[in-house]
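**Student:** Here the structure of chain A is known, so what remains is to put chains B and C in place on it, guided by the hints.
As a plain string of letters, each chain reads:
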Amino acid sequence: MSVAAQALPPGRNALRARLSLLDAAVVGPLRQAPGRTLLAVLAIALGVALGFAVYLINRVAADEVQGASRSLFGLADLTVQSPGSGFDESLFPRLLRVPGVAAASPVVEVQVRLPGRERNLKLLGIDPFRAMQLQPALAGAGASTERQGQGLLAENSIWLSPAAAQSLELEVGDDLDVQVALDRVRFRVAGILPPGAYSQPVGLLDIGEAQWRLQRLGRLDRIDLRLAPHADRPSVRNAIAALLPPGTQVVTPGEATDDAVRLTRAYRSNLTALALVALFTGAFLVYATQSLAVARRRREIALLHAMGMSVREQLAASLLAGTIVGALGAALGVILGALVARAGLASFGADLGAGYFRGVAPALNVSAGEYLVFFVLGAGAALVATFGPAREAASVPAAAALKAGDEAPMAPRTHGRIALALFAAGVLALALPPLEGIALPGYVAIACLLLGAVFLTPSIASTVFARLRTDGPAWRQVAVAQLRGTARRATVSIAAVLVSFSLMVAMAIMVFSFRMSLEAWMQRILPADLYVRAGSAAAGAYLDVNAQRSITALPEITRADFVKFQDVLLPGERLPLTIIARPIHEPTAGQVIPIRRSATGPAPQGAIPVWASEAALDLRGFDVGTEFDLPIGGRVVRATVRGIWRDYERPGGSIVMNRDTFIALSGERTATTAALWLREGTDAEEFSGRLRDAIARSGDYDVAIPGEIRQRSLALFDRTFAVTYLLEAVAVLIGLFGISASTSSQVLARRGEFGMLRHLGVTRREIGRMLAFEGAALGAIGVAAGLVVGAIVSMILIFVVNRQSFHWTMDVHVPWGLLAILSLVLVGAAAATAAFSGRRAMGEDVIRAVKEDW
Amino acid sequence: MSLGPLAPSQARVGWDVSFRSLLLLLVLPHVLPLRASAETSYPPVVPGHEIAFPRDEGSHPDFRIEWWYVTGQLDDATRKAKSPLGFQVTFFRVRTGLAADNPSSFAPRQVLFAHAAIADPATGQLHHAQRSARTGFDLAYAREGQLDVKLDDWSIRQVAPGRYVTAVHGEDFDFELTLASTQPPLLQGERGFSRKGPDPRAASYYYSLPQLAVTGAVTVGGSTRKVSGQAWFDHEWSSDYVDENALGWDWLGVNMTDGGALMAFRMRDRQGGERWAGATLRLPSPGGAGDVKFAGTGEVTTFGPEAVHWAPLQSWRSPRTGVTYPVQWRVQVGDRRYRVEPLLLDAELDSRPTTGILYWEGPIRLIDEATGQEAGRGYLELTGYGGKRG
Amino acid sequence: MLELHDVARSFGGPAGRRVLDGVALTVMPGEYVAIVGESGVGKSTLLNLIAGLDVPDSGQLLLEGRDLARLGEDERTQVRRTRMGFVFQAFHLLPHLSIARNVALPLALNGQAGRAADDRVMELLEAVGLGDRASSYPRELSGGESQRVAVARALAHRPALVLADEPTGNLDPDNAAMILEVLRAQIKRDNAAGILVTHSAAAAASTDRVYELTRAGLTLRP
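Chains as they are written, first to last, in the working numbering: chain A, 1 to 854; chain B, 1 to 390; chain C, 1 to 222.
Okay, chain A solo, but in the shape it has when bound (with noise of 0.2 Å):
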């Protein structure tokens, strides 16, 4: 030992000498290629950030949901509830006399149109006096006083939750409009409700007013109630369960929180899966930046080795420096799907766009724990796609890999039982069901049938190489022989470019074939001339008899359907099944709505001809020939499937039957859309105006011609995929990353075989085209293959995880010309991709590279 390093106290010693090692074997090489560093990081960042923003905008839209629907029930222990019609109001004495029942709240509950505003409010009837004692913060309300304004029994006033006030921008004093039938309906904001009462945008009014002026005389639509604190819940719960009319329910706020939360399920889980496939795709790009790291960081490593470093050692360097490029990446990448996911949920609400949490005001609060787990992924599946490469690094043979012109053996080990494996277990996972709803096997097949074609990569690679001619130019002739003497380092590229083109190729053909189907649907269900609709989801607005007296009355018109939608619980059930009453007729109902299938002998007697949509189908098992109670205005009457009919719009099921039938049976007479056909030659634009002159009501009600309505659901339709397509997009820009990354750390390394090229009178032009021509290579492997295994994705989300997530089927229909483009887009990025990457071997610098030794 030196007397200098006598001086030094030992340890300091040894942390001067580790950390003179950590900076040769883990940071210097990071430094030395700050770009391929950087791209990796970006890569674990992009996939950490799409999965986190994902997740956190899933995860703010459930609490929404949720929370929500748990600020409707405040401390009710249970509650009675009837979608749709709701149910007698006489049910709300006999509910609070039954013992153990310690309070009760009836409410009316009406979804309204704002005329002028295009959108919806709930509208909740309560009575304060009972509320109170299942909403302690309703009592509130009248504590603070400068919110106050006037009491809630006053006439004409409503209540508006802070969420409400807020956006639709009213203030105590101010007037609200609302819609009834197709009536305005003026109201005054007496108060804003304290933060606490309501999380959602809310109106509260007095119960007997709201039966009133909404048109709910006698009816109530939901009662909370409180059991008393020793009651024995479920012999209370069976009491009540006794007195309820068919189509009612008792549940606890829980279960009906879930069902809440359950009905975007399907939809939340899908959008999880895709963000786990970016997440996957970072990692791999890892994988692939370090493994190329590996191979060009030969000679240094062995010189690392040939001085005393131990293979230990140099496995925890390489490994260190995966998990310095997956913190970086994950930090960045946590930091940046928060971003995204509060910039995602101001523009677009939870969510994204598909509609399903209307009138839901999201706030996001991320948790550190949160931050934590999704950092920690990040980091993990960078280490995870470290260990790999970190092996190789650590059997580097020091002598052989000191010795110049040396190059690892590059024959591409191939995997082909392992892949075949992952196809069978594929195949497998396809035969079972569905887990809970959500289509987890479904997931688990295309995984294993992508991780299987991962693996089969390198087979696929030196049998393409091995057949690749090897005559031609001279730049041809060494860009092959580079291809096939690199054949393991090409199977990362191009394994990246297929797992992403082949998810692009499967969401291509599967939204296609859905937006078609979906387009022919819309022809076939909107057979008429002109169609009146007075709300979507708004049940307080409808065609009442005296509009629909109006519209048939008109010359013009030589028919008239009027469609009632209205929902209804099955016996047993939690999620309602929506009726669709319209005038049908057995024999010509294949005229009316698209019939998969049709029952071909005669229908039992007494039983009412119903046509079930898949998803009732998929649900409920309403096969054609299946009978089954349903119950209608209180009573329950048997029903018979006649025909299953494909049914784009309510995911939940519905049932088709004549509206004669149900007007009978429920005594509804109102109808939410009018299809009217017109006399020849008038027409339907000019005709609209007077329609409404015809109406002649203050509310708000769409007319419209069926190439406007089918305009619209596709505009939204495209919208909902428009986060898909999103993601599709990070998927395939991080592929041709790899190719980026693969190409770049190649060139460095070939700088003196570029230099040597350059000598023997070969051309920038022509090196550019050898890089070009690896790069398409390896991308036309990729994409080749990524359209077989993407057509088979796709299948597998058509007829598997569409069908078990949302239960509707679409006939296949394959974007050709959009695939031959994607197709030569993708190749010929990869193409540009290598060649720009290598630009730096068109330099002049690359002709003094002869002299260096690496």
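Check the hints yourself; a few may be wrong.
As the list claims (entries may be wrong) - Reference listing, derived: stretches of chain C covered by chain A, where coverage requires no fewer than 3 residues with Cβ under 8 Å from a Cβ of chain A:
hint : stretch
1    : 74-88
2    : 99-107
To be verified - Stretch-level coverage of chain B by chain A, calculated; a stretch enters the list once three of its residues show a Cβ under 8 Å from a Cβ in chain A:
hint : stretch
3    : 93-101
4    : 105-114
5    : 135-149
The set of hints was computed from the structure by calculation and includes no laboratory data.
For every residue, glycine included, the Cβ atom is placed at its ideal position computed from N, Cα and C.
**Tutor:** Only chains B and C this time, still in chain A's reference frame:
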């Protein structure tokens, strides 16, 4: 309790509020409009109206406000407890003037409120509860023709002439009591026409039933005891408004040991000074001294402010609200001097979160200072000590 | 065949460092000359100028009568491809090509393939003593063998001029001697002009003439 018994001599004061109407004023804004719609017309209270029993014991739904108010002291019938239990139960009816045309069964035309409390001097605790509901669905109503008022599982009704049953179910107490009258009703003011101010329209119809014999059962803290005792019953209905200048009052109503009845009160203004005072004393019947059954026909004396003096002796500070209540008093009515002693200190009712009211209402003993003997038992009510009215 | 007249080259603009000045040199076909000099004296710059990878600031640089300085980059590349061969210190064999294909690379660049090309490759490999290693890959060769392949590659397309830059720098003396011998023999056999840039006196001794590059210019060492 009722500041109702305002003799004509006090009417010029222009202070036309009773605790009940004040309570309503504070409660109702949370759920009711402050002013009824203009077209609603309430019947006026006029002199000369003959109060008839049992018809006028029932509800008068056309009038704006109405209340039935019972306070009393109960002795444990089985175990001779040292101190009696105090109880209070009140039903208010309000005609909102709203929703006259609304065909809904929920139309809030009539609203009922109820307060009840058990004061237990043995534990020093006051248990209280409240209810409110609009009438309808047979769940809440105030019937006409005879006393029959119900608010979910709370009720007060006549079961036989001069016999009433009230049932209350609070969160931590229950009671079901039978009240039997032992004396004829005491019509206040001019045969039940009780003026409240210089404006002759400011008046109420008003009568009291002192010296009610109480039997029944009280459940507190999970244990039920049979009880018996005496109570004071007030029934008043009106359509009128209240004085904005009154801050609060001190009031007592006592069933005298000799079968007589004493009510005394004073009103305080916003400066804390005495705005008015008064008292009513009904002596036992001359022939039946000592036997309450034959009392109540004796002479009724009304005292003006010059003859009624309240002097606080001792205060109690609520640990919950920090409000200080003068709970022990020397009260002089004419030439009679009494000491008012609370049976428990903490009789504060804090229902501000729901109804906005903070007051002290608890059982008392009345000591005749001349003899040092107990002269009667009753209830003391102290309002407006929280700085706000009520 | 190769003539340099008063060639000058400086770097870093007009006021920059003048590396070469007044260099003159003539090498005829079949002549094999060495250029020696100290490090940093401009040997590489001179070599790049001769190879057409760089152009002189002034003076003439004629290869087979054509002034390289007047040619465009593509033309100079073309000249390199057809008329020059190179041997590098670090061999620079393409790792993924077999020995034979490495040697055939200049032929491929000149569009020559097929039987004649194959024969030429074999002929050269035999000549450098590696006739039996044609299908081997560079990583299977020793340094000396690699450099012999490089020599074969440099001569494959019968260049007019062979440039060798420290070809023995990475080799032990035995192998170095062998390479020098092979190089000389091949240049002489194809009647090419050869220029060897080296530090090594032994290497220089294997050539016909030795020039020394100094700040003053290129001078023939007696």
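**Student:** Now tell me, hint by hint, if it's right for this structure.
**Tutor:** We went through each hint and held it up to the structure:
1. Here's how the stretch 74-88 of chain C fares: 10 of its residues keep a CB closer than 8 Å to some CB of chain A, so the rule of at least three is met and the hint holds.
2. Only when three residues or more bring their CB closer than 8 Å to a CB of chain A does the claim for the stretch 99-107 of chain C stand; here the count is 3, and the claim holds.
3. Counting residues of the stretch 93-101 of chain B whose beta carbon lies closer than 8 Å to any beta carbon of chain A gives 3, which reaches the threshold of three, so the coverage claim holds.
4. Remark: the stretch 105-114 of chain B is confirmed as covered by chain A, as 5 of its residues place a Cβ nearer than 8 Å to a Cβ of that chain, reaching the required three.
5. With 3 residues having a beta carbon nearer than 8 Å to a beta carbon of chain A, the stretch 135-149 of chain B meets the requirement of three or more and the stated coverage holds.
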